[in-house]
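Given chain L, work out where chain X should sit, using these hints.
The listed protein sequences derive, respectively, from chains L and X. Under this note's numbering, read the first sequence as residues 434 to 790, first letter to last. Under this note's numbering, read the second sequence as residues 434 to 790, first letter to last.
Warning: the hint list may mix true and false statements.
All copies of an identical chain are treated as equivalent in the list; a pair is satisfied when it fits inside any one copy or across any two copies.
Unchecked claim - Simulated pairs of lysine-lysine, BS3-like, Cα-Cα distance not exceeding 30 Å: (1) Lys435 - Lys552; (2) Lys572 - Lys551; (3) Lys480 - Lys702; (4) Lys771 - Lys480; (5) Lys466 - Lys702; (6) Lys448 - Lys435; (7) Lys469 - Lys444; (8) Lys788 - Lys444; (9) Lys501 - Lys444.
In short, the hints are calculated from the structure, not lab data.
There are 2 protein chains.
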Amino acid sequence: MKPFIVMDILKKARKLEGVVHLEIGEPDLPPSKNVKNALLKAVNEEKFYYTEAKGLEILREKIANHYKIFYDVNIKPDNIIITTGTSTAFLIAFYFAKKIATPTPGYPCYENFAELEKKEFIKIKTEFPDYKLSLKSLKGDFDTLMISSPNNPTGSVYNEKELKEICEFCEKNEILLISDELYHGLVYTDDYTTALKYNKNAIVINGFSKFFCMPGLRIGWMIVPDNLVREAEIIAQNILISAPTLSQYAALEAFDYEYLSNVRKEFQKRRDFLYNELKDIFPIAKPEGAFYLWCDISKYSNDSLKFANDLLEKAKVAVTPGVDFGEFKDFIRISYTKNIDELKTGARRIKNFIKNI
Amino acid sequence: MKPFIVMDILKKARKLEGVVHLEIGEPDLPPSKNVKNALLKAVNEEKFYYTEAKGLEILREKIANHYKIFYDVNIKPDNIIITTGTSTAFLIAFYFAKKIATPTPGYPCYENFAELEKKEFIKIKTEFPDYKLSLKSLKGDFDTLMISSPNNPTGSVYNEKELKEICEFCEKNEILLISDELYHGLVYTDDYTTALKYNKNAIVINGFSKFFCMPGLRIGWMIVPDNLVREAEIIAQNILISAPTLSQYAALEAFDYEYLSNVRKEFQKRRDFLYNELKDIFPIAKPEGAFYLWCDISKYSNDSLKFANDLLEKAKVAVTPGVDFGEFKDFIRISYTKNIDELKTGARRIKNFIKNI
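Bound conformation, chain L alone:
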């Protein structure tokens, strides 16, 4: 299994002083104040026990309600399973797959989940500047297509028309669609929606770690079609018992839309700032979502791991090497998960570092 290199970089970076951390995909903003209050209440009420394996029913109702408000899509709470972050949701979803196709670059853990469950895994290359799958590229004999929009690391977002085409392609060809929607909410266009709008048989995975700013609480969810609910619940009973209970109570108060709209605005401001600062030194596709810039460093290096290590040691900026996402030796991923002042410092250090290469 391949290391998730960003976690190694993080470990190394935390041991150094004065580093600007632009490596890990972790929002620096706190969750809504309501979440903190809900946690204090749950601790005081000693909610230290297991919940049912699928998670608290009231939380599943809140999530169903979120789909109505956010996408105008009707979901039954019964089709929702609360998971420990999204990682375990992928483990559950992959159980239903034989051969999984997914665009590359993409989230590196996907391939490792497939490896753990001994599933075949194929990558379909996407290209600068939009990094999106086209229908033409969907050739090959796979039974499962896994997409993520916004994409990590590129920040690309399928618009509603593009998503509809992929959804219909999967329905028509009886391909299981797994849609990773973890960065929904952190999208800087209005033209996007959930895969469930166009494919009732899709498995949708989302969670509270990004938009809702609750990464360390390790809480996510998945929505599964009727015919897979019972089997998915059984796997959850085994690999989760149940998701962390305090985190489930916290999540009940996470849908604070006024606060969340400010979170989105803040990340959009940061994207605009850092993209404008760096776009002339690297080719970068302007991301429409998430909080990453996928930067082509080929002018300076074709060894992204060395580049990232040098940048950390010499310039005190931590970024993720492209090799974390596959064979991308001439890319780095920069997270804009710090405030504008830190991004300013980071951008200045990156520019100085490059000047001295």
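Just chain X now, kept in the frame of chain L:
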């Protein structure tokens, strides 16, 4: 994959009024007050971020220290990985196995973890009254032996001599030993220890859900030998990112030995009470650890699922059917995880139910 039936029973039982819950393996006692205070502090300090994948170093140091105090065994914090409950620890451990042998009856999820990772899995039958593996029974071509002591559901405990023999057998035959020690602490004899005392290459799995009374916090640990640390860390990076942060801070304060000694005494009292109440109506091997009675119901039924459902519906006592643990149609598992008053009510109801069969 087979359902973890106890979770279904729990779900059904929670919808009924006035049920005595003797089904799930969940201590009813709260954790030490220090744990609650640590949680409140961590929430107030907004510890909502990821930790390193292996978990907080200070927590790994505390756990290493626990091995010194509890077993007089030296463990390096670097060999410890903090996991989300023990479930993910098993997923990590099984990655290193090809063909896993384990005694039956045993924890039902083991087989499902093996199924998820497509590992071969064989069961070695153990028998009344001690339900333990003998060296003679360890025949067959497996590369991994998984033991649990105290055992769930039988409560059997390997004494130090028996454990030493198994440890040496594994070393000699180059078999990976995975030792599930989750119920350590809840042992009503002093003659037991950790597998690490006699097998430095074992993987030991333990957690805070039972003895430490923190089930809903979903926090456990595994200790891996030097040659597997890096690979285990990589899998943890992928499937955990990191264990829930608040739970990690809570666990720092869980080693309150004065409180824990009272937890043990309370469960021992309950074991003595319930065993004496029920031993004349069922054959039961007196358990030396954990908090379960494994009861042979063959005098009354050979359909444990129907028996458990009838007992729930007619007598309002929830228990786990033996079929949850394999082909044990004439057994039920009764948890003594409630106070003596509730156990009294439960025992009375069970006896009345049996009288009317």
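Treating 30 Å as the Cα threshold, decide for lysine 469 and lysine 444: within, between, both or neither. Both: 27 Å inside a copy, 29 Å across copies.
Within, between, both or neither: how does the pair lysine 788, lysine 444 come out at a Cα-Cα threshold of 30 Å? Within. Shortest intra-copy distance 27 Å satisfies the 30 Å Cα cut-off; inter-copy 63 Å does not.
Intra- versus inter-subunit Cα pairing at 30 Å for lysine 466 with lysine 702: Answer is within; shortest intra-copy Cα gap is 22 Å, inter-copy 44 Å.
Which holds for lysine 572 with lysine 551 at a C-alpha limit of 30 Å: within a copy, between copies, both or neither? Answer is both; intra-copy 22 Å and inter-copy 28 Å each pass.
Intra/inter-copy verdict for lysine 501 and lysine 444 if alpha-carbon distance must be at most 30 Å: between (40 Å within a copy, 27 Å between copies)
Between lysine 771 and lysine 480, at a C-alpha cutoff of 30 Å, which is it: within one copy, between copies, both, or neither? between (33 Å within a copy, 17 Å between copies)
Is it within, between, both, or neither for lysine 448 and lysine 435, if the alpha carbons may be no more than 30 Å apart? Classified as within; 23 Å inside a copy, 45 Å across copies.
Is it within a copy, between copies, both, or neither that the alpha carbon of lysine 435 lies no farther than 30 Å from that of lysine 552? For lysine 435 and lysine 552, both the intra-copy (15 Å) and inter-copy (20 Å) Cα distances are at most 30 Å.
Indicate which option fits the pair lysine 480, lysine 702 if close means a Cα-Cα distance not exceeding 30 Å: within, between, both or neither. between (38 Å within a copy, 25 Å between copies)
Violated hints for the displayed structure: none, as all numbered hints are satisfied.
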